[in-house]
Structures are given as structure tokens and as C-alpha cells.
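Participant: Generate the whole structure from the sequences, applying the supplied hints.
Sequences listed follow chains A and B, in order.
Residues in the first sequence are numbered from 175 upward in steps of one, following my numbering.
Residues in the second sequence are numbered from 59 upward in steps of one, following my numbering.
Simulated from the structure, these hints should not be mistaken for lab results.
Simulated crosslink set (DSS-like; lysine-lysine; CA at most 25 angstroms straight-line): (1) B/Lys129 with A/Lys319; (2) B/Lys509 with B/Lys566; (3) B/Lys474 with B/Lys111; (4) B/Lys299 with B/Lys354; (5) B/Lys129 with A/Lys465; (6) B/Lys531 with B/Lys549; (7) B/Lys578 with B/Lys498; (8) A/Lys319 with A/Lys492; (9) B/Lys474 with B/Lys498; (10) B/Lys391 with B/Lys299; (11) B/Lys129 with A/Lys492; (12) A/Lys319 with B/Lys474.
From the structure, some residues in chain A lie toward chain B, with a derived Cβ separation under 8 angstroms: (13) Ala440; (14) Gln442; (15) Val445; (16) Trp485.
On a predicted model such as this, the values are computed, not experimentally measured, just so you know.
We put the beta carbon where it would ideally sit given N, CA and C, even for glycine.
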Amino acid sequence: MTNAAHWIEPHPHGIYIKPADAWIDPSRAVSRALVTHGHADHARGGHEKVWATPETLAIMGLRYGTNSGCAVPYGDGFELGGVKISYHSAGHVLGSAQILMEYQGERVVATGDYKRRTDPTCAPFEVISCDIFITEATFGLPVFKHPDTADEIQKLLSAKEANSDRCILVGAYALGKAQRVIGELRKAGYDDPIFLHGALEKMCHLYQELGVDLGDIRPVMDTEKEAMLGQIILAPPSALNDRWSRRLPDPVTAMASGWMRVRQRARQRNVELPLIMSDHADWDELTQTIKDVSPSETWVTHGREDALVHWCALNQMKARALEMVGREEEDD
Amino acid sequence: MRAFSDLLDNLIYTRSRNGKLRLISDYLKHAPDPDRGWVLAALTGQLDFPTVKASAVRNMAMERVDETLFKLSRDFVGDTAETVALIWPDNPEGELTEIPSVGQIVDELAAVSRSDAPKLLANLMDRMGSNERYALLKLATGGMRVGVSARLGKIAFALAFDMVVEEIEEVWHALEPPYSELFAWGEGKADRPDLTGVPFFRPFMLAHPLEDKKLDMADYVAEWKWDGIRVQVVGTGRETKLFSRGGDDITPAFPDVADAFKSIGVVDGELLVRGEFQGGEAASFNALQQRLGRKKVSTKMLAEYPAFVRLYDILFDDEADLREQTWAYRRDKLESFVPKLDAERFDISAILEARDFDHLNEIRDGARDAAIEGVMLKLRDSPYISGRKTGLWYKWKRDPLVADCVMMYAQRGSGKRSSFYSDYTFGCWTENGELYPVGKAYSGFTDAELKMLDRFVRQNTLNRFGPVREVEKTMVLEVAFDSIHQSKRHKSGVAMRFPRISRIRTDKPAAEADHVATLKNMIT
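Facilitator: Shown next as C-alpha cells:
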């Protein structure tokens, strides 16, 4: 379909950079992996050699026990098989990077996952001009317009005020979303302790070690039930309807996710208080980013790729869907 | 309008029945007339705007949004109203100048012509935020999907005004939205609404599935369970009406039956059509379907599929309310009531002479009549009670037929299953080794099984045709169905009645699934 960047091959299990003999976010173990960020569907264990930002390496170290990789700070570059490679912030989670590759006069950017709005726990997205822009499309449908984060945080705080005889249990993914919810609460001036499910503790502590201020965070495990009345508690989504939550005082079930925009999605998860907060670009951000970057061709890795490719065609821009497999739809 | 859209949103996210009841009854207590009446009608599915249909909403959306993007979005969201509410461009001047009240909106929707409906909706939507847009579209097109049944709405009304729900049920079907007499009665400002001379629906008595229970035939009486539609015939002497299960007035579709009923009373029975193949006896449900859902019936229809009612209970004999009487007493009355009716259009459901329960089982097994679904068991001493009460009436269906089929296509579900691939088309083998679709099912599996099937679809997609995915022909589904009929509309030549997934046969290779010929042998 395209003659551009013949040196890059999209495969179902990753993007292969031929001259460098390296893969971007491969879903199976390879000898050379360029990893955009620490989410499990992008960063898998078992690669022989990994290039990633220092933060991503630390996250992978926490998850897979190995961090023998080459640390590539934002803006730094290196060369592999004649391909000039550099990492630039993507604004998705702490350490998330877009990978810029330059070869034979062509510039290709692979975004991994990204968002455009501010996040107190990670560096903002950087617009990098390029010929081929390889983007995600997790929320690539025009129904997805994430509302102002501050308003969603206000919804959470109002629910807390209105339920002093209960507690607010917020489901949030362990890497990124949980820390962002805490960070946004702090930004809104909320200083009370925030309680954590055990599965979130290590990652939050790692964020703190890496210089992200999360304020007073405490484990649920060491806390008396009564002490959590009227408090905010964070847990991974899988724990929301689990036995674990019975130790909490009559929780109001909340969930922080971009999917909460769709009512029936929230109902499927038995969510009472949907908080529309996403670490992915919404429809307007995706389309604005393509306009900003203005590539000669856009490749779409995963998500609602048909819709984004169609939008590009409507706007006289060249685009194709890569049909990657194994990307989790729910990791937001 | 804001109060209604808040109510809808709160209902969506409130899980407990009591929580929902509290929300609705609070609203009914505090909202003004006629808004609350219209909202009660919307929640109980009694609101209908004939000129405002889902297609109008879709067309309106496609004037603002690209068609493909809209369709992809609709497919993902699983609900047209919600898709349009979300996708609609926000007013750049910010929300909300004045939003009209529910009452004003209802008046406008009721008055609008088919061609002006999209414009009216668009104008309203431009003045609203996404939550109000959602509420507006739900109000206009129905299908609230907030987990509130008509019954729950009535219970909430009873709760709001400290009344007994049975009393509300009794008058409910004689009243029209926005129920001003009902609210006035609830608030003690008026007497109970007067229903003299109005033919209205009384809620049906319903049966539980028998499952593995055994009953003593000294206490219970048995009848065939007819495979038609449950119908209540209400005659006031001046007028006769037919009501279906949910209380819908289906008189216009069956004028032949209604016109033939000249008595005063309320009777309960099964609506069936006579089949040529059955020698003028009751035909299969398939034949009845020709007559269902029609606003007008042609003379040809009336002649080809003549309808009749097989009666099995009587609620009112003339003006006398028999519902407190025992089944045995009512049966006596029914047996003297039926002979006075037109025999072409009304007969009586026979009692099965079963010596004991085992004998009944034999009778049930022996039934091969197309119009028989199984047997009904009724407690001889039982009064006629609306709803489903344990121990009084049981239905004991014939064992379902089953076939092993291969999943061919999958489509995303709606509502609770939005975005899951939950609707499956499956096929059986022909003599040439081809798979022909034989049916479609979207129930019978657990949530865990749904997740597994959804994953299978995503990982084994061969082709995409819009919202439909063609999958690898490797997943064998055991499909249960009540009966199977000849069908010219399907390539396979057969159509199943009420197919559902009974088991997922991951143990079975697709090549060993059933053949179309096997299914044809099951046709009655």
C-alpha cells in the first residue's frame, strides 16, 4: 500500500526496524527491543536488550525484576544499524516516550500511547515533525471527548463530601492512572491521606522515588475500617467488585477511565461514580495531533483504527491501519 | 428537563432496587405536573411519539457527523441515542440558554410532523449538554435501559404517595399519560379514577418453570401449554379489546377475534391461528407471526390465517369479579361462558386426564402437535393473582431440541453487552461440506463464557463486514431451541424458534457438528 519507509515493517506483534534489527514494543521476546512505556502490553519481559527511558526501565525493573537496559533520557539519541534513534516525551505515563527514527532522510515517529492534556505526574507530549507518524487510536471515535479533568476531580470531591458515612473507592490502573488521580487531587488542594490497595503501593512508591510528589499515601492494609470513613481509597479495577473491598466501610464504587464516557460501559463494571479520566488522547486530541504533526502518512497501531484512518481520508491525508494484536483495550 | 436527566443518570449508576425506588419516588413527589406524569410514562414504556423514530435521530446525526464515523461509533457504544448524545457537537457558546420543561418537550414531540422531527430534535439538542441530550433522545425514542420495569415504576409511585401497588395496578391500564387523575388521587386531591365502561387490561397471572419438582395431581390440574400469544379479551358490551402480555392493545391486528366477542366479561387465553396443514387445527407460532405486529390486516391475511382464542381462565363473568375464587370455581364458570361465544373464534383449553404425575410426563412426551409447547399445571384451589407467585401455576415445557452448530459470524451486543461480541450466527454442514447459517443467538451463556467467546471472536476474525465479524469456523456451540420450522427466507431452509446457546463445546471439532439434514428431520 505504501512505498514510504520500506525499512520499517509493521507486524502483528510489533514494529520491526530492519536496518537496526530491532522491534518497537514487541509482544514476544526479541533480541533488541525499543520500549515506549511501562504498560504490560507495550513492555514485556524476556528481551535480550532493551532501550527505554530511565523511568520506564525502573518500572520494568519493578515488574519483571530486570532492568539491564540502555537508559535513553528524553531528547537523547543513539545509533543502531545506521538508524538514528531518539526518545521524546509522550505525556501518557511517567517515562512514556515517542520514538523518533531517522534513516536515509526519512523521519518516522512511533508514539506508543499518548495524551495531550497536562498531567502532574509526567512530562507533556512533544510535537515532533516527521514523514510517517505511527499513532495509537485507543479512543479513536468522535464519541470520545474527555471532559476537563478538574471537573471530574471536583465530582470525586463532591461525592466524598456527600458520603461522610461511606468511603469512595476509586478503581484506577496501577501504572499511571492511580498516580495521576492522586496528583490531580493534590493539585486541587486536597491534602488528606489517600489510601491504597496493596497492588498500587509499589508503583506509587517508585513514582515518589523518581521525584513525583504524591503527598500522604497510606496502605489500606494497616488501617482500621472506621479510619477510612469519608476517605478516598484507590484500588486496581479488578478489586472493585472483589472480596477485598468488603473490608472498606460501604464504598461508593468509582472508576477513573476514559471508557466511563459510555454509560453502559460504566454499568458493566457496576460503577456508581464514573470519572472520565484518561491517559490516552481523545478524538479531538488525536485529530489535532495529526494536524499538528502534519506527516505525509499516518499509520494507526491499535484501538479504533478504522475510524481514525477514515477521518484522515476525509481530510485528504494518507493513512493506514496496522492491525496490531495483543494490545489491551482496557488499559486506561 | 435537568431534573429528568439527573434522574436518568442516577438510575443508570444505581445498582440496588431500593436505591432506584428511592430516586424515582423522590422525583415523582417533587417534580411538577405534567412533567412527572410524562416521566413516569417514559420509565414504564408508555410513551410513544409516532413521528419521532430512531431513524429520524440517526438521520439527524448524520447531517452533522460523517456517516461512517457515526456508524463505527454506534457499533461501539451499542445505543443510538447515547451515540448521538455523545457525538453531537457542543454549543460553542457554552451550555444552556433556557431548556424547555419535559412537558413542553413532550407537547412539541407529539405535535411535530415526521419531516420536521429531525429539525425539532436538532434545535433542542443545540441548546443542551450531553446528559440532557441523552435524556431528550431517550424520552423521544424510548428504551430507557436504566433497569426499571413498568412494575418498578408503579411501586415507586405507590411508595411516593404511601399507597398499595395492587390498587395502582388495578387502575393503571385504564389511564393515559400524564396520569393527572392518578397523581391527584395519590395526593389525596381526588377520588379513585372512575373506570365504568372502559375496557382495560388486568395484569396476567403468570407461571414459574417447573424445573425438577414433582407435583401431586390431586392438588393440580394439567392443560396443554399452547405456543401462541397470551391474550386477555375484555368486553364491556359496548366495546371489546384484546391485550397482550405487557398490556399492549393488539385489537387492531385481530379484528376478526374482537368483533366476534359480544359478551361482557374478561377472559384469559392463548391467541392462535388455524393452519391448513393442521386440518384447521392450531398452527405453529410461525404461522401466527404472520399476523403479529400489524397495524392493519388485509382481507387476504384474515382469510389465510384466521385467528382464534383458546380460553383457559375467566376473570370477570359479566360484572362479577371472579379473581378471588378458586381455579375450580372459575373453570365451572368458564365452561358455561364459552358455549355462548362464536365457536369459530373461541374454544376452551381441554383438561388433560392424567392419572398421576408420571402419567402426565408420558402425555407431555407424546405431544408432537406444532402448537404445543408443553404442559401447564395449575393449583385447583388458587385464586387468580396478578404476577408470578410460587406454588400456584407452573409451566413444564417440552425438553428443548439441541444441535451442535459452528459459530460463523459475531456482532456486538447492545445495552449491558455493549462492545462485547455477544450475538452469534451459527451454521450446520450441508452435504457438500459447506456451512449454512441456521440461526442466531445472544443468550444462554454466563458472563464468564461471554468474555471467553468475545475473546475468541477478537482473536479469530477472518473478515469484517461493517459491524459483523466473520470468524474462523472452529468454535462449536450446542444450541437449544424450542422447535424448528421450514423457512423460505433462509438459505438453509430452516428457522429455529427461540434458539439459545446451551453449551460451549470447546471439546468438539467443527467437522463433527450437526448437518442441516439432521435439523430438517426435527421439523414438526
